[in-house]
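J.: Chains as they are written, first to last, in this note's numbering: chain A, 118 to 287; chain B, 118 to 287.
Read the hints as simulated data drawn from the structure, not as lab findings.
Honestly, I wouldn't trust all of these hints.
Identical copies look the same in the list; a pair holds intra-copy or inter-copy alike.
What the hints assert, rightly or not - Derived EDC-like pairs (lysine to aspartate or glutamate); straight-line CA-CA distance at most 16 Å:
| id | residue 1 | residue 2 |
| --- | --- | --- |
| 1 | K238 | E132 |
| 2 | K238 | D267 |
| 3 | K260 | E140 |
| 4 | K238 | D154 |
| 5 | K227 | D159 |
| 6 | K238 | E140 |
| 7 | K238 | D148 |
| 8 | K260 | D270 |
Note that this is a predicted model, so its numbers are computed, not measured.
If you want the building blocks of each chain, they are given just below.
Number of protein chains: 2
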Amino acid sequence: MTDIKSGVNLLFLREEELRQGIELLYFAYRDFTAEPDAILSDYGFGRAHHRVIYFVGRTPGITVSELLATLRITKQSLSRVLSQLVAEGFITQTPGLRDRRQRLLQLAPKGVELERQLTEKQRARIARAYREAGAEAVEGFRKVMLGLIDEGDRRRFPARAMDQRKRGQG
Amino acid sequence: MTDIKSGVNLLFLREEELRQGIELLYFAYRDFTAEPDAILSDYGFGRAHHRVIYFVGRTPGITVSELLATLRITKQSLSRVLSQLVAEGFITQTPGLRDRRQRLLQLAPKGVELERQLTEKQRARIARAYREAGAEAVEGFRKVMLGLIDEGDRRRFPARAMDQRKRGQG
DNA sequence: CATATATGTCAACATGACTGACATAAAATC
DNA sequence: GATTTTATGTCAGTCATGTTGACATATATG
Chain A
118 MTDIKSGVNL
128 LFLREEELRQ
138 GIELLYFAYR
148 DFTAEPDAIL
158 SDYGFGRAHH
168 RVIYFVGRTP
178 GITVSELLAT
188 LRITKQSLSR
198 VLSQLVAEGF
208 ITQTPGLRDR
218 RQRLLQLAPK
228 GVELERQLTE
238 KQRARIARAY
248 REAGAEAVEG
258 FRKVMLGLID
268 EGDRRRFPAR
278 AMDQRKRGQG
Chain B
118 MTDIKSGVNL
128 LFLREEELRQ
138 GIELLYFAYR
148 DFTAEPDAIL
158 SDYGFGRAHH
168 RVIYFVGRTP
178 GITVSELLAT
188 LRITKQSLSR
198 VLSQLVAEGF
208 ITQTPGLRDR
218 RQRLLQLAPK
228 GVELERQLTE
238 KQRARIARAY
248 REAGAEAVEG
258 FRKVMLGLID
268 EGDRRRFPAR
278 AMDQRKRGQG
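Construct the entire structure; sequences and hints are all you get.
T.: This is the structure we're talking about:
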């Protein structure tokens, strides 16, 4: 069993393993976005609005160009959803202090509420997966996911503070 | 340091950890799809074509309804890209043996080649991330990702055969 | 003053999702 | 054999979200 076929088997396992990786990403992302999408459609919004609301909520005072770099979409694509969100009172903008050309964006109360509602679903899904998989698995998950992300964006994820279980062991 | 604030800190860490989880998924998926997207545009295809080509390649003889269930899109959305792929000779169809209403789909040589080209990019990205993270991390990654996926689709991922390093230890 | 930067806006277009209705052929069932 | 269900196709219309390219404005910087 481990003599002639083992080389072939290893190649097969590797191919199978990598394909499963591709599919894990596909299905996880598909299911991860489905719940928020359903909520958004009640507001006449789509996934693009979600992304804007999320990152503005995450980074209050973010500028338009920072948002563009994060989302990697064009000015026009962003402009459409952003101006909608501002017009409908989900996002407010104030001129930059040092650079008054900038529009510093933040969530209005309405936006905070929608963001909470949307993120709650995703947070719950992740929390459940983390809980069921255990702390060690979560570290592995983070490691692999970071490796999948383009190098420039990895700095968005500072090394995690040690949790209670590990404190003092490292 | 661990007296009054620890409860608050734990909550904060948890919130931060979950938000990072959300963002890991967002950025990983964004970067994971960017390379294939670029190739596809040379053919006048989009991400929807990729998904069809991928799953037909992965499951030769898949039927239209199985594909619909996998992709969770409507008949019409699938029909558009699928008929394009058939018309341009990337996918062939043969009637089902037991049920002749079915169209059993498989990749034509042209489709095999395009699939290879597209998947290669993603495979390489995953292989690198797996290699850099190590076998243990990969297991954790799999565990968490599976937990993120809706229960019904988890059966697509049979338990992984033990690799050489672990064989005989379990 | 000249230039670069941050942002906005307009027009035009492509992709890929949706709904709803209707059609056909084959299978399954009564 | 007649009816119903299933697998699939197709048409028409709509929407969300991405694209490009060109041009405008206000502000910052050299």
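J.: Are the hints correct? Go through all of them and say.
T.: How the hints compare with the structure:
1. K238 to E132: between (33 Å within a copy, 13 Å between copies)
2. K238 to D267: between (26 Å within a copy, 13 Å between copies)
3. K260 to E140: Between copies only: 14 Å across chains, 18 Å inside a chain, cut-off 16 Å.
4. K238 to D154: This pair counts as within: shortest intra-copy Cα distance 11 Å, inter-copy 28 Å.
5. K227 to D159: The answer is within: 14 Å in one copy meets 16 Å, while 42 Å across copies does not.
6. K238 to E140: between (22 Å within a copy, 14 Å between copies)
7. K238 to D148: within (11 Å within a copy, 23 Å between copies)
8. K260 to D270: within (14 Å within a copy, 24 Å between copies)
Checked against the numbered hints above, the structure violates none of them.
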